[in-house]
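Engineer: Read off the chains here:
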Amino acid sequence: MSTAAATAHAGHAHHDDRSFVQKYLFSTDHKIIGIQFLFLSLFFLLIGAILSLQIRWQLAFPGQPMPGGKLLPESMAAGGVLLPEYYLQLVTMHGTFMVFFAIMLLLVGVYANFLIPLKIGAHDMAFPRINMASFWSAVVAGLVMLSSLFVTDGSPRAGWTMYVPLSARHDYSGASLGQELWSISIIFFGLSSVLGSLNYITTVINNRAPGMTWFRMPLSVWALFITAILGLLAVPVLAGAAIMLLFEQILGTHFFDPSAGGQVLLWQHLFWFFGHPEVYILILPAMGMVSELVANGSRKPIFGYHSMVFAICGIAFLGWIVWGHHMFVSGMNPTLGSSFMVTTLLIAVPSAIKVFNWMGTMWRGNLRFHTPMLWGIGFVAMFTIGGLSGIFMAATPVDMYIHDTYFIVAHIHYVLVGGSLFAIFGGIVFWYPKMFGRMMNETAGKVHFWLTLILYNCVFFPMHIIGMAGHMRRIYDPTIYDFLKPVQHWNVFISISAFLLFGTQIIFFLNFWLSMFWGKKAALNPWEDNGLEWSLPSPAPHGNWDTPPTVYRGPYEFSVPGASEDYIPQNKKLPTDREPALAPAHGD
Amino acid sequence: MSGWLPAQASSFAPQIDGMFWAIMIITGITFVLVEIGIVWFSFAYRGRPGRQAHYTHGNGTAEIIWTAIPAVTMVILGLVSNGLWTQFKGRNSVPADAFPIEVHAKQFEWWVTYTGADGKFGRVTNDSISKTNPTGIDHSDPASNDDIVVRNQLHVPVGKPVVVYLSSEDVIHSFYVPEFRVRQDVVPGMQIKQWFVATVPGTYEIACSQLCGLGHYKMRAQVYVQTQADFDAWMQQQAEKAKGAPTS
Amino acid sequence: MSQATAAAMSPPFPAERGVDVYNKKLGMWIFLASEVMFFGALIGSYVILRFGAPGDWARPGVVLNIKITAFNTFLLICSSVSMVKAYAAIADGDPKNMRFWLLMTILGGACFVGIQVFEYIHLVERGFLPSGVRDGSELAEMVAKGTIPGATMGLYGSTFFTMTGFHGFHVTCGVLSMLYLYLTKALPGKFTTQDYAGIEVVGLYWHFVDLVWIILFTIVYLV
Amino acid sequence: METTHKHPPYLMIWLYLAVLTALELGLAFQLPISRNLKLLLLMILAIWKALLVGLYFMHLKFEKWNLRILAIVPIPLALIFIAAGMSEHIW
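Protein chains in written order, with our numbering: chain A, 203 to 790; chain B, 845 to 1092; chain C, 2 to 224; chain D, 1150 to 1240.
Just so you know, these hints were derived from the structure itself, not from any lab.
Treat each hint with caution, since some may be false.
[Stated by the list, open to error] Computed footprint of chain B on chain A, listed as stretches where at least three residues anywhere in the stretch have a Cβ under 8 Å from a Cβ of chain B:
| # | region |
| --- | --- |
| 1 | 283 to 293 |
| 2 | 419 to 425 |
| 3 | 537 to 546 |
| 4 | 558 to 567 |
| 5 | 584 to 592 |
[Stated by the list, open to error] Residues of chain A placed beyond 12 Å of chain B at every Cβ, according to the derived structure:
| # | residue |
| --- | --- |
| 6 | L247 |
| 7 | F512 |
| 8 | A783 |
[Claimed, not checked] Here are the simulated DMTMM-like cross-link-like pairs (lysine to aspartate or glutamate), alpha carbons at most 25 Å apart as the crow flies:
| # | chain 1 | residue 1 | chain 2 | residue 2 |
| --- | --- | --- | --- | --- |
| 9 | B | K1037 | D | E1212 |
| 10 | D | K1213 | C | D196 |
| 11 | A | K687 | B | E1049 |
| 12 | B | K1037 | B | E1084 |
| 13 | C | K146 | B | D971 |
| 14 | B | K1062 | B | E953 |
| 15 | B | K1062 | A | D679 |
| 16 | B | K975 | A | D373 |
| 17 | D | K1210 | C | E120 |
| 18 | B | K1087 | B | D990 |
| 19 | D | K1155 | C | D93 |
| 20 | B | K964 | B | E879 |
| 21 | B | K975 | B | D985 |
| 22 | D | K1155 | C | D95 |
| 23 | D | K1155 | C | D21 |
| 24 | B | K1037 | B | E1049 |
| 25 | B | K950 | A | D748 |
| 26 | A | K272 | A | D355 |
| 27 | D | K1213 | C | E139 |
| 28 | B | K1004 | B | D985 |
| 29 | D | K1155 | C | E36 |
| 30 | A | K774 | A | D748 |
| 31 | C | K68 | C | E120 |
| 32 | B | K1085 | B | D1074 |
| 33 | B | K950 | A | D355 |
Ideal Cβ placement from N, Cα and C applies to all residues, glycine included.
Based on the provided sequences and hints, a complete structural model is requested.
Structural biologist: Here it is as structure tokens:
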């Protein structure tokens, strides 16, 4: 029943007689699930941001009562002054929420769900009910993780990387139930991620519309496809590691216990063997989406489509053999360190190809600076900084100095905020009409972009500077170190910028919610894009197409000489186009 | 040296800083070219009525060039880095005449052991660890009799290779002296060697740079880089103090 | 072949040619790929821990009961062959034989889980726990006498129970899903020569679980 | 679906697997050979059995390469992980 073929025959594109619960709550429609993921992950993005503001307060003004800090219980903030144990919880939960529940769900949950079937011309995912299960296990994972904030001895406090033995033994970390909830939540999260990934992969392989050959797929679909493969193979490793950690916490096993022959570095190997593909899970879909935004905004075919695809595949492949660069100073075998350094440096090559190709796309284009394009350009500019700063820590001798300093923090935020989050903002504006049938306000969008761009650089660029000065990560009070005194004023500057950056997001928040009800009604193809999704009404009906569209060309045919308009949708049949050869109906 | 990097106080520091600035120049050039390109393209090719974008799917030569340049740069960078890396961390990198010091980390303090006159460390066992015996010296071993144990201070002679043997009692800590540009995680269940040559006498800080629990932020110790004469005098003084009040 | 086959066990139509496998089967293979990584993490950790262990591992057959697990291994191999016989039967249009072989498979799987639970109870009684050896138990005496090396018993218990436990969990899931197929599809006669996707897909999962056990049996019980 | 009327000899493979298992048991407990050699032989037998299950029971022998790749891809990744983890101890 759950095969797409069956759904196709049963597709009620125009007679939607499902109840409210079927339609909006326990929906199997990929678009609704995508929007559910959107609300869920934006909620966690907000939580993660609020946590980070408290971190910033403490770093800039250690020992001073935080405004509103009195609202927190005494066990977290005594008299409004954050306590070290609460600070560590903030650091841990900020990382966990942002990596797993905000950015990863935004990219893989929202965009993969929403875009893959629409962009390849499928009626729905290959397994709609598994898709629903994926969403609800993500909800369970998120709630379990959230609940750890409210248990008696507090949420986990071993950092989002959960290095053992700190995370494994309650007497070391001071948190018990919280630590266990983290492991349980991650196991559910792993389940959600695997269910999602297998759905995306099957859909892309099997359910493409006639004529949508591999090399006519939009780059966003390519990126999401490769990301799904990474998620499929990497996340089970994390789940396995989380199970071992949970057993360590509640059954007293000895995987990571050196006194009984266990190995501390085993956790780091497991975690980063998952963790580095994870890094690319967090950036590849953003790269894919930016390719769409930049090509559309430049009104030009993407520069070097094939090399973009191969760069995605190359990054994904190399992503498996570089995890050791998180462990250069961990006591890992130094020879292993050398080989990991080489593979890590090589990843710069496909990344560079992508940046240059985006610039090549803009070159001699006819640029339209709509909000999504601004976010796209912002992504390219900011990702460049994040990518280049990665070279510092890839070089092992330099990493020996800057490892675990704010230089790393700056790097990860340039990639995850200036990279992934910028692309997400651009994607939300771009596909908002497809989701809700209305446009977001362009002026508010542009103000939001420029303020965010400026303040974001004010927040994260100085982190390179304090990192160069040697500022360690995850320290509660930097002012007690003599060598950090000269850069403490930067901490104040960063924090104030961070508060303003958070304030700026109110523009986005209002724009997002108000446009849903009062935004301009979206035209059929508001961005004049080539993607299949724009051949449907907005919002798209359940089951998407009555009959699947036929694809005649690649996704980036902008400004074709001699064409009547500067874009030719993928499913528009020109007299010169031939019908694609169909796969035989009987599978033999 | 210049900029925001801390003062250089070990033989590694100039090399690491040199590497740092070399990468800064390479990435800086790339950064400036890319950002100028983006701004220039945004201005020069801004949409105007009647303008037609140049229809192209790419250019093989250009792509080969901008694949090859980063690839070659990265390979060179890798070779140079690897040379320094094996010198700092390689298995056989520790000079034979390096002065040995044991550094034992625990939540949230650093315990430093010197061999004393015999040049040998006494045996340590986890079972022997107690309030009065923080590093777990096994007193049945005669080599332990003249060992000197001090808390949260590391004294090293200037200009002489020093090797620290890092061990941890509980969780992962990280031995980090910014002015030395030295960092090495201290992992329970492992004994890890890290060597360095301090070049400038003075007082510096050891910071723990791996999250190790509640007191992580205040897990710091002083490093005193002393001239050989000062160092010997200090050692003498400590040895007498140890003799005067033998540990139980 | 009829149109019904096209819907149930052929790739979606009309669509671009994928790997020429219908969705459910492709999905199961993809799921199995992730399972390889999951067991890869558990087995890999075991190999790494054992390789770097501080001393010898207990000899095979001293702690664990090999006879009963060897029988269990045989049982799982039998259930694998009965599963594939069920598949062959329905493909040849013989639903009666299919029901028989499917039932045999369910019984084999259930027996396997039962024997494993029995084995666990027995091991715990002798003092073998995920955290190592229980004080004052039979195994603790053997450690004291030096019959089995004590230094690695903690790791032994941790890895043994985690790996075999999660394998047992997978077998249980397999038995339950086959039971579901048997009751809702096989008994009402919903499997036909045109549509036996359920049998094939669950069969793939079942053989994979068998395959994992073949590896586990060798590296946990015999080495 | 050409395989519909021509199935591999499943019972023979079952016998094959049973014999290999017996061989494993004998190898592990009866043969007085060095531990490393035993380990090597046992691993070969285990992989042999796993291949039989994969090729015949899971029909990989009769599938196209594009599906076989799915089954093969994760294995080198897991091996890379194990190799890296083990290399910690071969200094």
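Engineer: Mind listing which of the numbered hints don't hold for this structure, in increasing order?
Structural biologist: When the structure is compared with the hints, numbers 2, 7, 9, 12, 17, 20, 25, 27, 28 and 29 turn out to be violated.
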